[in-house]
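**Q** Chain by chain, the residues:
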Amino acid sequence: MDPVLENLDLFWGGFVRSLGIVLWAFAGSMVLGTALAVCRVSPVPVLRAVGTGYVAVVRNTPLTVVLFLFAFGIPALQVNASFYVFGVAGLVVYTAAFVCEAIRSGINAVAPGQAEAARAIGLTFGQTLTQVVLPQAVRTVVPPLGNVQIAMVKNSAVVGAFGVGGELFSVATRLTSAQGEPRLPVYLGVAAFFLLITLPAGALLARTEQRLAVAR
Amino acid sequence: MSSVLFDEPGPRARRRTRIATGVAAVVVLGLVALAVQRFASTGQFDAELWAPLLDPRTEEFAQVWAILGAGLGTTLRAFALAASASLVLGIVVGAARVSLGRTARLPLVGVVELFRGLPVVVTIFLAAEVLRLLDSGTSSYWALVAGLTAYNSVIIAEVVRAGVLSLPKGQAEAGLAIGLTPAQVMRSVQLPQALRTMLPALISQLVVILKDTALATVVFNDLQDLLYAGDRIRISLDNSLQTLLVVALVYIALCVVLDRAAVWTERRLSRSRPTAAPAVAPAEEAVTRV
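Here the protein sequences line up with chains E and A, keeping their order. Under this note's numbering, the residue at position 89 of the first sequence is numbered 156, and the numbers go up by one with no gaps. Under this note's numbering, the residue at position 236 of the second sequence is numbered 244, and the numbers go up by one with no gaps.
For the record, the hints were derived by calculation from the structure and aren't laboratory data. Possibly wrong hints are sitting among the right ones.
What the hints assert, rightly or not - Label-pair ranges, simulated between beta-carbon atoms:
{"no.": "1", "chain 1": "A", "residue 1": "Ile186", "chain 2": "E", "residue 2": "Gly180", "range": "42 to 50 Å"}
{"no.": "2", "chain 1": "A", "residue 1": "Ala33", "chain 2": "E", "residue 2": "Phe150", "range": "31 to 39 Å"}
{"no.": "3", "chain 1": "A", "residue 1": "Gly118", "chain 2": "E", "residue 2": "Val205", "range": "27 to 35 Å"}
{"no.": "4", "chain 1": "A", "residue 1": "Arg140", "chain 2": "E", "residue 2": "Leu72", "range": "18 to 26 Å"}
To be verified - Computed footprint of chain E on chain A, listed as stretches where at least three residues anywhere in the stretch have a Cβ under 8 Å from a Cβ of chain E:
{"no.": "5", "stretch": "32 to 39"}
{"no.": "6", "stretch": "47 to 60"}
{"no.": "7", "stretch": "116 to 129"}
{"no.": "8", "stretch": "222 to 231"}
Unchecked claim - Calculated from the model, a selection of chain A residues having no Cβ within reach of chain E, i.e. all distances over 10 Å:
{"no.": "9", "residue": "Ser92"}
{"no.": "10", "residue": "Met194"}
{"no.": "11", "residue": "Arg204"}
{"no.": "12", "residue": "Pro208"}
{"no.": "13", "residue": "Ala270"}
{"no.": "14", "residue": "Glu274"}
Here the structure is a predicted model, which is why all the values come from computation and not from measurement. Backbone N, C-alpha and C fix where the C-beta goes; we use that ideal spot for every residue, glycine too.
Taking the hints into account, I'd like the entire structure generated from these sequences.
**A** Okay, here's the thing in structure tokens:
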């Protein structure tokens, strides 16, 4: 494990930069995914079609292909940005489809009587959704949404392996190719840093799940 | 068109929906127009960029699709191998995790939790390194299959475990009562039922495996899967956007076929269930009443 311990500061820097990708992607995918979910359940057919189409297309495309499209396809349209921005954007676009599905399943899980009661007292679609259904859906949504976001953390490794620069994978590449360090320990180091995020996140999610389960 | 979330619309709501539909349609069409305009102004609709992919009369067409076809073959082979290995391994590990005693299953739980927390890219990298430590001539193909299997068998094990745990206790008890060994109960009573209820989840995990084969292009530079083939073509034809869109479409088509298969099996299974389900429920009730 020497190569990892000797370069711990490099790894730490990479870890912080990876965390940055994760946070941006988290925020972006939550906003986009929620918007898509609202589209998918709305009474407006056009919006429903947009939501359904987006999910059907993006969910069935490998993340790697999404990233390739962003990194090499979009510049052909003379839209230019750094690999970092494209990487985060690709991760947001990809994760949003899964966030949308998680939220939609949560909305569907709210007892129909709740929405019926809201309608009976004359609330509109918007009011029903924001004041009655969504606050309850939050509970059922937490476990699947948490899983989606943990998967996103793991997927951020793909963005890294793709070459964003400065994050964990670039550190590994630099150590193994430029400085000739043995590869296995370096990759084990990368693995350890990912576990540093995913294991506590998983444990936290399991606890939250238990606490919320009682309430229902 | 009605849902729990909104009433069968009256005249006012219908008008509002019509207005919203109009506005949404204008916005969506505007976005599409913007994209089309961008494609046009940067020359991305040019026939010479699309023709090698779509027009059989061009000289590149046959070659391009031969390369893509070969890539597709590699992708499908890696998928088939990784998927079957993950299923077999996942079922064994999942069943073992349920059957073993509290201390005996501890190492298994550790391995499962560890691999579950790792990104697939990392497991593929690690698998490649470990395999090459054992045999320096290991091809990227086997490294990919091993990496995908290591990660996905653990996920499938969790699915299988959840399936077995969701069965009514009476199933296993009845098996034991007629003198089956615990292993026999698992094999011929619990697993068949668990796999049946978990089939949709299992198939959607297969979609994940199929998509993850594309990681080969990022991790290795000598495994010529579908994305790798597309990458080579886009570089030599200098039409990144077009080739990548076509490659994405091929992946989408493959995943949709798998997804349809999942829906179809789910429907078939739920159709055959009504005869089986009532037979189970009263029996369970009888047990609790005693």
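**Q** Now look at each hint and say whether the structure bears it out.
**A** Structure-based check of each hint:
In this structure, A:Ile186 and E:Gly180 meet the distance hint of 42 to 50 Å, their C-beta atoms being roughly 44 Å apart. The hinted window of 31 to 39 Å between A:Ala33 and E:Phe150 holds, with their beta carbons roughly 35 Å apart. Remark: the range hint 27 to 35 Å for A:Gly118 to E:Val205 is upheld by a beta-carbon distance near 33 Å. For the pair A:Arg140 and E:Leu72, the beta carbons lie near 23 Å from each other, so the given range of 18 to 26 Å is met.
Using a Cβ-Cβ cut-off of 8 Å, 3 residues of the stretch 32 to 39 of chain A lie near chain E, which meets the minimum of three, so the contact claim holds. Beta-carbon proximity to chain E at under 8 Å applies to 3 residues in the stretch 47 to 60 of chain A; the threshold of 3 is reached and the given coverage holds. Only residues whose beta carbon comes within less than 8 Å of a beta carbon in chain E count, and the stretch 116 to 129 of chain A has 8; three or more means the coverage holds. Coverage of the stretch 222 to 231 of chain A by chain E holds. Counting CB-CB distances below 8 Å, 5 residues qualify, and the rule asks for three or more.
Residue-level check passed: A:Ser92 sits 20 Å from the nearest beta carbon of chain E, beyond 10 Å. Interface exclusion of A:Met194 from chain E stands, the closest Cβ pair being 25 Å apart, more than 10 Å. Distance check on A:Arg204: its Cβ is at least 22 Å (rounded) from any Cβ of chain E, clearing the 10 Å threshold; non-interface status holds. With a closest Cβ-Cβ approach of about 13 Å to chain E, A:Pro208 is found to remain outside the 10 Å limit, as its non-interface label requires.
No beta-carbon of chain E is positioned within 10 Å of the beta-carbon of A:Ala270; the least distance is around 12 Å. Chain E leaves A:Glu274 outside its interface by the beta-carbon criterion, the shortest separation being 16 Å against a cut-off of 10 Å.
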